[in-house]
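K.L.:
From just these sequences and the hints, can you work out the full model?
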Amino acid sequence: MPLLAALALVVVPRNYRVPIRAIAVLATLVSAVLAIKMFCQFVPGANSYQFEQQIPWVESLGISYHVGVDGLNVGLILMGAIVAFAAALCSFEIQSREKEFYILLLVMSGGILGAFASLDLFFFYFLHELALIPTFIMIGVWGRGEKKNYATFQITLYLSAGALIALIGLIALYLQSGANTFDIPKIIEHVRANPLSLKAQNFIFPLLLFGFGILVSLWPFHSWAPLGYGVAPSPTAMLHAGVLKKFGLYGLIRIALPMLPDAAQSWAHVIAWLCVGNILYLGWVAMRQKDLNLLIGNSSVAHMGFIFLGIASLNLIGISGAVLIMIAHGFLAALTFALSGYIYRQTGTLQISELGGLCRKLPFIGTALLMAAMAGCGLPGFANFAGEVTVFFGAWKAFPAITVLALWGALVIGGVYMTRAVRSVLHGPLPEKWNALTDAAHLWRKLPYALLLASLLVFGFWPRLLTEKINHDAEKVLPGYKLQLARASLPEDKLKAASIGDRQLAIENK
Amino acid sequence: MNASLISLEMSVIGLGLVLMLADLFVPPARRRFIAYAAIGALGFLLCASLSGNGSCSLAGTAFNGEFINDGLSLFFKRFFMVAAILVLFIAVEFSDRMVAAAEYYSLIVFALAGMLFAASSNDFAMLFVSIELITITFYVLVSFQRGKLASLEAGVKYLILGALSSAFMIFGIALIWGTTGELNFNRLAAVLAATPGLETSKTLLLGVLLVLVGLGFKIAAFPFQIWAPDVYQGAPTPTTAFLAVGSKAAGFVLLLRVLFTAVPGVAANGANLLIVISGVTILYGNLCALPQRNLKRLLGYSSISHAGYLLLGVAALNATGQAAILYYLAGYLFTVLAAFLVIALVLRQLETEDISGLAGLSQRSPLLAATMTISMVSLAGIPPLAGFFGKFLLLKAAVQAAQATGNHGYYCLVFTALAGVVISLYYYFGVIKAMYWSREAKDLSAIELSAPAMLTAWICIAGIFWIGLFPNTLLTLANAAVEALKI
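If you're matching them up, the sequences are chains A and B in order. Residue numbering for the first sequence is 1 to 510, as defined by my numbering. Residue numbering for the second sequence is 1 to 487, as defined by my numbering.
Simulated from the structure, these hints should not be mistaken for laboratory data. Warning: the hint list may mix true and false statements.
As the list claims (entries may be wrong) - A short, non-exhaustive set of chain B residues, derived as facing chain A with CB atoms under 8 Å: (1) N269; (2) P384; (3) C412; (4) K433; (5) N479.
To be verified - According to the in silico footprint, chain B covers these stretches of chain A (three or more CB under 8 Å from chain B): (6) 57 to 63; (7) 156 to 169.
Using N, Cα and C, we set each Cβ at its ideal position, and we do this for glycine too.
P.N.:
Right under this line is the structure:
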């Protein structure tokens, strides 16, 4: 197999400038198929990166275009490619300046996949920025609502600040490591052999943590997210909330943990407490939202808390769970934003109080939204459940108290706002003005939603597909953390999880 | 004496004289061709200097060591020639608004000659003469639109402040000569190294400081930046473009030579001063640009902030920083000239230079809108464009200096620079917003572009992308060029 989906997509947007929707869809479809193919061919447990490719770029600085996959990013790339395909399919809602929109969309998806596949510190950052800029432009040009300009500037300034802080951290890391290369595996090797001083680590780690944290909307740097997603056109929101946002988390796992292990230990508490802020505070905020998109945006920020909790636990189960949620939440966020985008286009509003009874007019969309809501509050059967449970098991060992708080946030608060949204949007009396609504008419329109839902279910029922790939490489991120509990504990997890699921159902029924 | 070393400079001066004479013989309707002839001639000289052999790229010193041809001077000479060619293209588009366009072209060429001499100065006398040649031609270039009050006002301001800074500089040179008895950079460094205690002599420090005042005026660094916004706004657009690129780069090449060849010991002690100046310049430029509505004024403030970023590379006091300056300037050249090209083309029919004049540009001329967008994005320092890699190198140099010296001031400077970048995003994106999604557009007629103007736009775009995407060649050149600074 010559090249990977990631590489293919980085090249595709440049060549395919023809402003036809079909080409955008085709390009993303090809990359999705390639990503699936790569995912299937991936050999779990191999000791090196697979599908590697390296082209020198700036020799004097040791920068090269180096891509490759291991267990950590193979699932993320798959998720990114599928979401990009779904987003391209959902872009029919864009009616003006389609050409520019599709170019930006392709640049964005290419940048995202490239960033995830990149094994070079410089390109890692470079491609992420490349994906970030189209986001700003898409929100600015095709965004909706009155707060558009404000939200555009807020998201631009916030995310750029975060990215730049992370950049300083990366530069400091590059110089401090003394390896004179931007190649991630080489730096890790070098740092393993001669660890950085604790002082240097403690200086660089917060730069990376808060830089990446801003990108991932770590509490209290989250305020750009709900508003930004609220006004973004849905394909942009899908790609950003679903895929691009995971970049910061991936950066922490890929770079910060293996290169700065000591600092990670001393900062783990800070991360853990901040993520409680994410889970509880934002869950609480989400409960009070009157706008469906803001609710989804807040809940998606709240979900980031679980991932941070997994990372903070600094053990194999926690990290594996974090990667699982990253993938699951990618599908979920894309699905919910796609659905809310559909509803918005049909009704012209997302005020929860104005909606109601939509399930009758939009059976397919309504059902999909219901299932997304269930996945969102962590019902078994969806991939989110597998991830969240794994994270809680990992975190319980490290921070029991925080885990209890987080469980509360996950089960009760999540359940409350999701059921509330489902009840008032889908059930109840149907206001007369919505009589003219039409459901997703044909297969082509249903495809993106169905595809995302199917992915959620597949990984929900067979999380092993992912975990067997993740575990092996997650272990490598954690040198010095001897953990025997790995795959073996999963069946047991499921039993315990089932009881939690029952409780969840009980709440739902109330 | 090796006079063939200055063949490039002599050719450029000759070209300027020919252009002036040509004005007498060419009928007014064909004045454009004077400019094209000048561009062709400069292009030929550029190729000659790029070819790497022949007297244009000969290394060596002439005039008793006053004039030096080395990697650094060659890098900057090519830089200035590219800048002059692109500025001439802009000037052609602008010429219908000026009387005596041919004189204008020849003045640009004379200013170029001054910059070429500046790139090769290895002596304080040479430094002063080349700076004066640049500055005096710019006095005329700035006030060239005699019918426009703002242009005259800008000219007078530039004249008064420029004369003042020249006076400071000549005083500083006198003090340096008085303490050391040397004007040549290399011999001065030798004297300083041989005589203990001389480097910390108060008179010498004052002299160096006063020379820095004069150079600080040229590069518009805080606190000598007051003239920049007014002059940028009032001057004819091609002049502003040349001022922003050529004059600033000339200031930087002289700054590098003075600090690192003539008085390296003094520079090493002055790190903190440079850090503070760089930080304040960045903040001042960016914060003042925020409320601006006039495009040229906005770019004036933005050029102050870029002087700050470039000073960051000087303050790092290492070869990485110096190479980063060269790299950044090369990216800055294409970026800024692209912006001024668009301003010259779009705003020439309008009386106003307000940002709102750009409204609807995406429909009036997609190429120009794209050029302006790429330019703004590159100025803001976003990948994959030239500005990003330049800023990356500068920040890397500063972090490296911080780790090497343990001076925490560098970290403060780096974070100041970051704050500056984030602030600058706001106003750069404001310009993009005006072009793409502003509702104020009234006139949506298409803008007709001449073929040379389109060519210039494409050259600038290609340059920005090339520098951003394929940094290898240029970085190697820049690294080789700064080798010359080491003694």
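K.L.:
Each of the hints needs a verdict: does it hold here or not?
P.N.:
Each hint tested on the structure:
no. : hint       : result
1   : N269       : violated, 24 Å
2   : P384       : holds, 6 Å
3   : C412       : violated, 12 Å
4   : K433       : holds, 6 Å
5   : N479       : holds, 6 Å
6   : 57 to 63   : holds (count 5)
7   : 156 to 169 : holds (count 8)
The structure is inconsistent with the numbered hints 1, 3, although it conforms to all the rest.
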